[in-house]
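Q: Each chain, written out:
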Amino acid sequence: MKTAAKVKTLTIDGVEVGAREDQTILEVAREHKIHIPTLCWMGGLSNVGACRICLVEVKGVNKLLPACVTRIQEGMEVTVHSERLARYRRQILELLFAERNHVCSVCVSNGHCELQAMAMALEVTHVHYPYQYPKLPVDASHERFVADHNRCILCTRCVRVCDEIEGAHTWDVMARGADCRVITDLAEPWGTSESCTGCGKCVQICPTGALSEKGKSVAEMSKRRQFLPYLTLMREGKHER
Amino acid sequence: MKDNGKVRLATVWLDGCSGCHMSLLDTDERLIDLAQHVQVLWGALVDSKEFPEEVDVTLVEGAVSSEEDLHRIKLIRSRTKLLVSLGDCAVTGNVPAMRNKFGADAVLKRAYLENATLDAQIPREIIPALLPHTRPVHELVTVDIHIPGCPPPADLIFSVLNDLVQGRTPRVVAKFG
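Quick mapping for you: the protein sequence lines, in order, are chains G and S.
Position one of the first sequence corresponds to residue 1 (the working numbering), numbered consecutively onward.
Position one of the second sequence corresponds to residue 1 (the working numbering), numbered consecutively onward.
For the record, the hints were derived by calculation from the structure and aren't laboratory data.
Hints should not be assumed to be uniformly reliable.
Said to hold, decoys possible - Here are the simulated SDA-like pairs of lysine to any residue, each with C-alpha atoms no more than 20 angstroms apart in a straight line:
| no. | chain 1 | residue 1 | chain 2 | residue 2 |
| --- | --- | --- | --- | --- |
| 1 | S | K101 | G | E143 |
| 2 | S | K101 | G | E99 |
| 3 | G | K135 | S | D119 |
| 4 | G | K216 | S | V95 |
| 5 | G | K135 | S | L108 |
| 6 | G | K223 | G | E143 |
| 7 | S | K101 | G | Y133 |
| 8 | S | K81 | S | D155 |
| 9 | G | K223 | G | S105 |
| 10 | S | K74 | G | E143 |
| 11 | S | K6 | S | K109 |
| 12 | S | K109 | S | K81 |
| 13 | S | K101 | G | G177 |
In this text the structure is predicted, and so the values were computed from the model without any measurement.
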């Protein structure tokens, strides 16, 4: 027996909307066809607010809030499109590019990459910050997959899909700041991981060329994302409703 | 713009593969239209050694990798009204900057010592010395317009040039890579 969720009203970019109190700003905006850009968000997985691309303004709050993890409140006045937000979103994206070695021209995911597409969507034509050129490993120890940390944006989609959908929890996150990395098992080579089932969900869900299938050359790695909403639906039994 | 009313245009080729220049040539017959409005003062293949003074628009292909590149881009900037970074090497450093993870010494050693079969030695004369890091152009001099792409599509290059000769500010929407 479910208790009916309370309905609250708020405005998004001046549009009055009603929504359940347990919904996030992002969910409500999407229901009303109001576009908020996202990178780490993936339908069917938990929300973590890792990438900060979905930042929005809420009247009366003097900091920006990530729409994917911010619950709605009665009378909230949300702005999702403004000059200030566009500027911050571009800055966040530029920092992602500066932080690792995203050399799009020679990437397996060139032309299929969400980071690359986001740069175009937000009209980022160059990066104002000095590139860091960190020395990062490429783990090609797995029989079928490659992890290239040069191209990782730490969205943690791989971590979440492995834990929440596959149930293996092979992936996790290690260290902080510039040293932060996704790891397999206890930072062991992916190929010798005992928990990895080799299902490949992490590869298909990765927004960039960080995780790819072996044997793919430049621009050949297009990902298949369709499986995820289906799997979630089946697991939660929502298809019976 | 000088007396003939044409835009004085130059193109330069720093550390890149010349693919951006190829893409410029891929604008095909539209180059003839452009030629009505521009006077090409300098290009990647001209024989003249000295970059001309008073240039309206310079397209720069390639990243800044050597002391020569650095010297040239500073001179070019001082003689150009509007500097355009053309393509990913100029805009991001791209492939030439992939050496930055290892450093110039490691790259020279690999190219001239480890892979050489005869009289292996690192050249110290005539060839300009590499800078410690390859840099995108805008990290060293002010850049007015960035055109990403590897290479940028011919249509995009044409639309930017066309906007510039018509006196409009181009809006660049393009992807890296």
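Q: Each of the hints needs a verdict: does it hold here or not?
A: Verification of the hints:
Proposed proximity of K101(S) and E143(G) is contradicted: the alpha carbons are some 27 angstroms apart, above 20 angstroms. For the hint pairing K101(S) with E99(G), the CA-to-CA distance comes to about 13 angstroms; that is within 20 angstroms, so the pair holds. Taking the CA atoms of K135(G) and D119(S), the gap is about 32 angstroms. The hint is violated against a cut of 20 angstroms. With a C-alpha separation of about 19 angstroms, the suggested pairing of K216(G) with V95(S) holds against the 20 angstroms cut-off.
For the hint pairing K135(G) with L108(S), the CA-to-CA distance comes to about 18 angstroms; that is within 20 angstroms, so the pair holds. Straight-line distance between C-alpha atoms of K223(G) and E143(G) comes to about 18 angstroms, which keeps the hinted pair within the 20 angstroms bound. Distance hint between K101(S) and Y133(G) is fulfilled; the C-alpha atoms sit about 6 angstroms from each other, no more than 20 angstroms. Among the hinted pairs, K81(S) with D155(S) is inconsistent with the structure: their alpha-carbon atoms are about 23 angstroms apart, more than 20 angstroms.
A threshold of 20 angstroms between alpha carbons decides the hint, and for K223(G) with S105(G) the separation of about 18 angstroms falls inside it, so the pair holds. For a cut-off of 20 angstroms, the pair hint linking K74(S) to E143(G) is broken: about 49 angstroms separates their Cα positions. Distance check on the hinted pair: K6(S) and K109(S) sit about 48 angstroms apart at the alpha-carbon level, beyond 20 angstroms; violated. Proximity of K109(S) to K81(S) is assessed by CA-CA distance (about 40 angstroms); at most 20 angstroms being required, the pair is judged violated.
For the hint linking K101(S) to G177(G), the alpha-carbon distance of about 19 angstroms falls within 20 angstroms, and the restraint holds.
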